[in-house]
Amino acid sequence: EEFKLVYRFPGIKYCRVLSRLKLLQTATTLVMLPPISYLYLQDQVSQNVLLYTTGVALFAGAMLYGMSYFFRRIIGFIYLSENSHTVKVAHLTFWGRRNDIYCPLETVMTLDEVGDSKGELLLQFKRYNTTDILYFTIRFGQIVDRQKFAQIFGEI
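Residue numbers (my numbering): 29 to 184.
It is worth saying that the hints were derived from the structure and are not from the lab.
Keep in mind that the hints are not guaranteed to be accurate.
The calculated BS3-like cross-link candidates involving lysine-lysine, where the alpha carbons are at most 27 Å apart (straight line), are [said to hold, decoys possible]:
id, residue 1, residue 2
1, K32, K116
2, K146, K116
3, K146, K32
4, K41, K146
5, K176, K41
6, K116, K154
7, K176, K146
8, K146, K50
9, K176, K154
10, K41, K154
11, K176, K116
12, K32, K154
13, K116, K41
All chains should be built: construct the whole structure from the sequences, respecting the hints.
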């Protein structure tokens with residue numbers, strides 16, 4: 029089935045890079061923790077160094093969770109099938125990879141039904157058949173096809 033691009037968020041590539049860098053930083057700090065612990069047990073580093081390293085690792089893990097919670101919900105692309113029956117939504121996974129969701133057009137709530145004001149920075153993408161919420165931005169995103177966008181979300 030062929031899909032036509034309706035909306036794109038150019039900043040999704042930066043979200044992907046940040047998501048991957050955050051994974052790398054967290055992995056690096058977690059890899060550093062066992063050697064620092066060993067050196068502490070051998071009395072080669074102070075307790076302050078051990079506590080600092082542990083704090084950085086915990087903070088990196090918390091930031092990874094927080095950032096991935098946000099990045100996984102940002103929509104990069106929205107497509108509509110040529111027959112206008114299916115909406116395809118592309119967003120990031122925890123690992124910073126693309127994930128496509130396919131849903132029937134009837135299951136997508138319009139912006140009026142969601143209750144978001146059109147001037148808000150982040151608008152909600154909600155469906156009737158799930159409680160999952162994704163987000164997109166008109167202010168920083170680009171509506172490529174206004175007619176198809178109106179078919180999905182109603183008039184803006």
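Which of the numbered hints above does this structure break? Violated: hint 8 alone.
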